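Residue numbers (the numbering used here), protein chains in the order written: chain H, 1 to 397; chain Y, 1001 to 1182.
Please note: incorrect hints may appear among the correct ones.
Stated by the list, open to error - Just the calculated beta-carbon pair ranges, DEER-fashion:
hint, chain 1, residue 1, chain 2, residue 2, range
1, H, Thr309, Y, Asp1025, 44 to 54 Å
2, Y, Arg1120, H, Asp9, 20 to 30 Å
3, Y, Ser1122, H, Asp9, 37 to 47 Å
4, Y, Arg1064, H, Glu282, 47 to 57 Å
5, H, Thr304, Y, Asp1002, 32 to 42 Å
6, Y, Pro1149, H, Asp35, 17 to 27 Å
7, H, Pro38, Y, Ala1063, 17 to 27 Å
8, H, Arg25, Y, Val1006, 25 to 35 Å
9, H, Glu307, Y, Arg1116, 21 to 31 Å
10, Y, Ser1155, H, Pro19, 23 to 33 Å
11, Y, Glu1014, H, Asp24, 15 to 25 Å
These are computed hints drawn from the structure, not numbers from a lab.
Values in this document were obtained by computation on a predicted structure and should not be read as measured data.
Ideal placement from N, C-alpha and C gives every residue a C-beta, glycine not left out.
Take a look at the letters that make up each chain.
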Amino acid sequence: MTANRDFTDITRAWLDLMPSEAPDRAVASILQAVDATPQAKPRLAGPWRFSPMFRFALVGAAAIAIVAGALVLYPRLKTDVSSPSESPTISPSPTLGSSGGEIDDALRATWRSFALESPALGNGAGPVSLEFSQAGNGVAASNFGPGYGFASTVTPISADRFELALAQPSLSCAAGDRGTYRWQLSADRSELTLTAEAEACSTRGIVFQRRWVRSLVEATSYGAGIVDSMEPSFRVALPDYSFQTRTLNDFAEIASPDGGGFSLMAFKNPVTFVDPCSADEERNPFTPTAASFFEHFQTTDAFTVGEVTELSIDGHRALHADVTGKENYARCPDHPLYQYTPERCGCHFIVGPGGTDSMYLVEGDGYTFLFIVSPYGSASEQSVIESIQLPYGLPTQ
Amino acid sequence: MDDLVVRARNGDREAFAALVNATSDRMYAIATRILRDADLAEDALQGALVTAWRQLPTLRDPARFEAWLRKLLVHACYAEARRRRSWSTNVRVLPVDGPVGPDGLISIVERDALDRAFRRVSVEHRAVFVLHHHLGLPLTEIAETLGIPAGTARSRLHYATRMLRAAIDADAAPAISEGRMA
């Protein structure tokens, strides 16, 4: 057969069989996503704005559901009524400090902390955020309450200091109020400590001056930090790639498109499917033990389970095993096998024929977490898993 | 197109919409061939074009727009293939009772063999193969597009070709055997 025809002709003919026209709904969805996405500004070119929250391009209702879910789930201060437009619509900066330049790349991220009640701010206790713009010349806080975002331009004045200038007047401070801060990162760049050395706007000092931890749920150039899109939060140290995170209910995937496809997936309370071939997606009930999770795969002939080993992750009992979807599984050959889903997620996760998951099931207090590092066999897998702190409490000062 | 790129680079959404309409078919064709999955290809296309919109102000040479977009697309394909790692071995299989290829060049059995073999090749190898055989790009341009050394591009093309050729040859073997028996 092959001898009479050129291999190139055959493969080109085969490639030509695939569709070459983008579906109209896909194009419409793209244009819709673009409409909702601010364009990045070139560095050092005009007014800054904060990095867009848009991370993965999700389509239609699914995206709306996810965003809505995240908004509902995200814990807020009892006094928090911060306008979402507070950061992105900030006006151009006042005159910057004389030294110019951009802050260290490692600071350009979203940071979390836990604010205690403050009579000066009139806020309750709860998680708070600090976001440095990706362009490196702006910073603002959120969740401290209305008027306490203190969006400011930021200008480095030495290797570990920067100067802030308030971009617009706030409740107690005037536009242009300056403050000088010293910053210090932990060795793994997961924690940031800000110390005010001089501050014309004292309430900004109360808000900014504290210990912060890097959020891996927002875009970040470094991989050590916390995932707080689920309850409880956990801390993990990933390799130093740039990451983007996708979240669903009780699911987070911190992925690095630039890091060789490296990713960490985390699932809270994973449940299995009764029939790995059925699109009905009937679920087995959740059982908060790692052993019961693996027993499903051991007793379902669609999967092959490697040796189940017991280990300890951050003091929790955990089990590890490789689970492989069988190739040419007789009941649904050439079809993906339904594997698991977080109990609270209206989603499913599947494995293709021959695909293997290296699964770590961690038993918490009445819950379990499933962690999977990709790609399979990654050299970083062990160090990533060993770095997990579950649960992780935000710094309070 | 350069004018559209310049306008879009300055924030003109209508100009960018025109660019989307002008390029989306070509980009989608690449993505479907690399990923072998229509849904993943749509996601990759969307990811690439949204990234392109965001990052367009950083593109200095408007004439490089399509090559730049192709690079974003291939990286979006990598991300899609790995976002759900198992998807790399989980691409949708084309229906086996579909049409035979142009001019009867490819049989259903061959197509199935190629599909199966391609699924066993990594997404990086697939990208090189598709850019070379579908777009006809030379290896040097592929290497530039993907940001890899030319030798790596050559190696990936060689490996992917070997895998697919072996699949077709294996498929041909029984026929040859039967011929001898006859």
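Verification of the supplied hints:
One distance hint, 44 to 54 Å for the beta-carbon pair H:Thr309 and Y:Asp1025, holds here, with the actual separation near 50 Å. Our hint of 20 to 30 Å for Y:Arg1120 and H:Asp9 holds, since their Cβ atoms are close to 22 Å apart. Restraint check, Y:Ser1122 to H:Asp9: a C-beta distance of roughly 25 Å breaks the suggested window 37 to 47 Å. Distance hint for Y:Arg1064 and H:Glu282: a CB-CB separation of about 51 Å, consistent with the stated range 47 to 57 Å.
The supplied range of 32 to 42 Å is broken by H:Thr304 and Y:Asp1002, whose beta-carbon atoms lie about 55 Å from each other. Our hint of 17 to 27 Å for Y:Pro1149 and H:Asp35 is violated, since their Cβ atoms are close to 39 Å apart. The hinted range of 17 to 27 Å is satisfied by H:Pro38 and Y:Ala1063, whose Cβ atoms lie roughly 26 Å apart. With their beta carbons about 29 Å apart, H:Arg25 and Y:Val1006 fall inside the hinted range of 25 to 35 Å.
A hinted range of 21 to 31 Å for the beta carbons of H:Glu307 and Y:Arg1116 is consistent with their spacing of about 29 Å. Range check, Y:Ser1155 to H:Pro19: Cβ separation about 29 Å, and the 23 to 33 Å hint holds. At roughly 18 Å, the beta carbons of Y:Glu1014 and H:Asp24 sit within the given window of 15 to 25 Å.
Checked against the numbered hints above, the structure violates hints 3, 5, 6; every other hint is satisfied.
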